[in-house]
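Residue numbers (the numbering used here), protein chains in the order written: chain A, 774 to 1133; chain B, 3 to 316.
Errors might be hidden in some of the hints.
To spell it out: a stretch of chain A is covered by chain B in this simulated footprint if at least three of its residues, at any positions, have a beta carbon under 8 Å from a beta carbon of chain B; those stretches are [said to hold, decoys possible]:
1. 904-917
2. 931-944
3. 1016-1028
4. 1052-1060
5. 1088-1095
6. 1102-1115
Derived contacts from chain B toward chain A, CB cut-off under 8 Å, selection only [to be verified]:
7. His97
8. Thr117
9. Leu134
10. Ile136
11. Ser140
12. Leu283
13. Met284
14. Ser290
15. Ile291
16. Ile295
17. Ala298
18. Arg299
Keep in mind the hints are simulated off the structure, nothing from the lab. Built from N, CA and C at the ideal position, the CB exists for glycine as well.
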Amino acid sequence: MIRLEPRPPASVSRMLAVSLAAGAAALVLAAIPMSFAGLSVFEAYGLIVKGAFGSVFAFTEMLTRATPLILTGLAAAVAFRAKLWNIGAEGQLYAGALAAVAVGTGAVSGPGYILIPAVALAGALAGGLVMLGPTLLKSKLGVDEVVTTLLLNFIILLFVQMMLEGPMQDPMGMGWPQSEPILDEAALPKLLERTRIHWGLIVALAASLGVYFLLKRTVWGFEIRAVGENAAAARHAGIPVTATFIRVGLLSGALAGLAGVGEVAGLKGYLTADLSPGFGYSGIVVAMLAGLSPIGVVFAALFIASIFVGADSMSRATGVSNYLADLIVAMALLCVLVSGLFLRFKVRFISAPAAKGSAG
Amino acid sequence: MIEILEILISPNFWAAALRIATPLIFGVIGALICERAGVLNLGIEGIFTAGAMAGWMAVWLGAGLWGGVLVAAFAGAVFGLIHAILTVPLGLSQHVSGIGVTLFATSLSYFIYRTALPDVSSPPRIEAFQPLDIPVLSDLPFLGPALFQQTSLTFLALLLVVATGYLLYRTPLGLAIQAVGDNPSAVESQGLSVYAIRIGAVVAGSSIMALGGAFLTMSAFDAFFFGMVNGRGWICIALTVFASWRPGKALLGALLFGAFDAFQVRLQTEVGSFIPGQIFLMMPYILSIAALIVVARRADYPRALLVPYFRGQR
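Model the full assembly from the supplied sequences, consistent with the hints where possible.
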């Protein structure tokens, strides 16, 4: 028999060990689908590592991919801290991107130091507002936010397609469903010449420090953690639970919206309906791998980004489907969930009669 | 006005409504069995995908249509078992585990499909289920075309509604399932295993969900496409709340949903040129959110839903 005994709150080093173990377990498990696809496992991992770290360009590509993942990871982490289950980062990302394009393609003009903040603000606001609906429905009517945020992902993506085929379509785009290019002044500058890495990464890192500071050092952060621990007790203690949910919802949506801003204003330059290969959903994995720690999110995002970029490159070299990356990421989520048990409980192997315990 | 009436009295319209409703019936019945036992199964979207892919691939490899149905159900059961182990004895977050199972089942299905068929340009087709032609019944005016020209899987879905209703309300097992979702410690004190009942319910519910996916590739279409489930699983989770966790209401909810969807498709052909197509495509998702809002105040969730149970601990 196995018995689980509660443990006192975990230390940082143990949380780190758990995350590393989960990542490692996912990589080991990935050997099964790899051999199923006829790959030599060591060779495949060699190609993945080379694809993500093998050259300066590969490394910058990995950082470029990590940028939106840090932001969607933070969006999930801050929401999950309050047990607000925002699974809608994908939609909020698109809302942010749409707002960025609406503002950044000529609606407002001016120098970069005005235009870039305006675009970022519009994107953050759009993402936050999208999350406001499910948050209000949860706190006022008790409608489950998981389902509403998930369904909103589909609604927003269709809305984006509608805008890209309609009022926001680029007249010079040969009929492709894409927006006009963002103005040069509104684009986030590149960090390095001849790479795709852009200032969004700095924004993402700053956001991670900001969220860390918010959660650790401010009253709002304390309230967020208290509501997450036990909403009923927090309410009893006089913490404004509804207001806290609304703040968390707005912040979480805004972070996801910023991820969309970075992708259009820093990377692509215009909006298409295939802007995100599931950054919103991968953000959930990032947040869980990070143990919901805002600093940990950065490292988890780098890990997930290297799998995606490395597997893309491995896929080009071997012809094996890069759905392998999604598979590894999904397994990492399940592994981190299980290994989290070792944080909360001591696992004891004991003989059957002793396991009965005292019921009632 | 006249056009709307004409749509509503056409047997083809109701046949389409039932066809659209069929995967949702499987999904809602599956979700309802899990949730009645106290376990929210957000793996549903991925389980739909796995059922669609596994069922299709089994038929494509020569297992026959009913062989495909069995394989789909088995695939659903496997993913259900993963979710059940994580959430029942281990008591992990049902939300996160469900999302994890969805990501896992979806990416595994896509990966297997791509690996088995690396360079197909158009998805290969199978000989799908054909509408049954039941003597006498199929020739009835109105009812014949609307009800009795469906494929066997639609009848299986209707049968499952009746069977689930009977199981939940008329058998000791059904009462036990309801009890573990409401008051698990009372069940344990009766000498029954909460773990076994919950795990069994999640596995059974998940295999029924997978049939909803199988219907897509083996009856509604005859091939597997990426992204073909397209949120149907999430819609089922919303419809389950709308149906107050009752099989009869689940059927009604799915049919209403199917009717609305069939109606808007027909409306689209009438007014399509004035309104962008995406507005119509959004309707199922908007309608699902609306359904949740309508019942929000009086939704009577199973009391132990989302609450893990640890043996010998209060």
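Status of each hint after checking the structure:
1. 904-917: holds (count 5)
2. 931-944: Answer holds; 6 residues pass the 8 Å Cβ test.
3. 1016-1028: Violated - the stretch 1016-1028 of chain A has 0 residues with a Cβ nearer than 8 Å to chain B, which falls short of three.
4. 1052-1060: holds (count 3)
5. 1088-1095: Answer holds; 3 residues pass the 8 Å Cβ test.
6. 1102-1115: holds (count 9)
7. His97: Holds: closest Cβ of chain A sits about 5 Å from His97 of chain B, inside 8 Å.
8. Thr117: holds, 5 Å
9. Leu134: Hint violated; Leu134 of chain B Cβ to chain A Cβ min 33 Å, cut 8 Å.
10. Ile136: violated, 37 Å
11. Ser140: violated, 36 Å
12. Leu283: At about 5 Å, which falls below the 8 Å cut-off, the nearest Cβ of chain A leaves the hint on Leu283 of chain B intact, so it holds.
13. Met284: Nearest chain A Cβ about 5 Å off; hint holds.
14. Ser290: holds, 5 Å
15. Ile291: holds, 6 Å
16. Ile295: holds, 6 Å
17. Ala298: holds, 4 Å
18. Arg299: Holds - the Cβ of Arg299 of chain B comes within 8 Å of chain A, reaching about 7 Å at its closest.
The structure shown violates the earlier hints numbered 3, 9, 10, 11.
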